[in-house]
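**Student:** Top to bottom, those sequences are chains A and B. In this text, residue positions in the first sequence follow my numbering: the first is 1, and each later residue adds one. In this text, residue positions in the second sequence follow my numbering: the first is 158, and each later residue adds one.
Certain hints may be false.
[Unchecked claim] Which residues of chain B face chain A? A partial, calculated answer using Cβ under 10 Å:
#1 H161
#2 L162
#3 R165
#4 Y166
#5 E185
#6 A204
#7 D214
#8 D251
#9 M256
#10 E258
#11 F259
#12 R263
Just so you know, the hints here were simulated from the structure itself, not pulled from any lab data. For each residue, glycine too, the CB sits at the ideal point set by N, CA and C.
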Amino acid sequence: SEMSKDMMPGPYPRTPEERAAAAKKYNMRVEDYQPYPDDGLGYGDYPMLPNKSQYERDPWYQWDQPDMRHNWGEPMHWDFDMYIRNRVDTSPTVVPWHTMRKHFLVFLSTMLIMFGLGAFYPSYRPVGPKQYPFNDLYLERGGDPNKEPPAVIHYEI
Amino acid sequence: MGAHLARRYLWDTEAEPDPVQMPTFPAELGLRERRPRAMVASAEQLAQGRVPLEQRDFCGHHLLRLMRCQRDNFPLPWGCHELRHAWDSCQHHDYVMRMKEFERERRLRQRQKQLRQEQEATE
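Modelling step: build the complete structure from the supplied sequences, incorporating the hints.
**Tutor:** So this is what it looks like as structure tokens:
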């Protein structure tokens, strides 16, 4: 299925006739056809379609390709391979963004404040430190055997 | 349980002990004949038994006997209850001693604060 040269994307359309020809090439109406702005990045006359992923398309309609939610001959988005259902999803969220952001920031700040308070004012039991024999386990904790350890005596109480 | 925390952080930092900097006072202050704690198991025995460092305390001899009994009775989990109780009881008394040390430190600090206040009152 070789495509002929006139079916490939071409340079940016300048005249209205070129726009009509490009729209016909991409199976679009002339009113809908809107190429990317010509800033030299190389889009050419490829149409600029809304940045919506395939998730937002009707799941119950009988598409020609149900997994892609795409009909034969329909113009594909420039980033179509990104917008398939396995990848990027631009569906609207259940809750508005600012509500989500506010809830997240409230939770995060509460957790950070509580952890900060716990770091500066730690909680401890009202007991003294645990007492260990042998000069607080000087040799077992890697003390130098040749040096004299600091004498630590624990008394009964 | 948090009364000592409230006293330390909100009201009275001077009279509440800081567990990181204990003990502050000399051991013989107020208690004339203090016996040093006796360690029954030796360091070599604890090392041969591969006891973790946190458990090489003054109850180590009970723990060594318990570990030997558990090793002999393996895989049956029962049979070492008496030795386990002995070790747990020793740990309990050790914890009570830690509580008493904390309370001694606290009373000495309060006494020190009172002496300081009396001295400042007379000046």
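**Student:** Honestly, which of those hints from before does the structure not fit?
**Tutor:** The structure breaks none of the hints.
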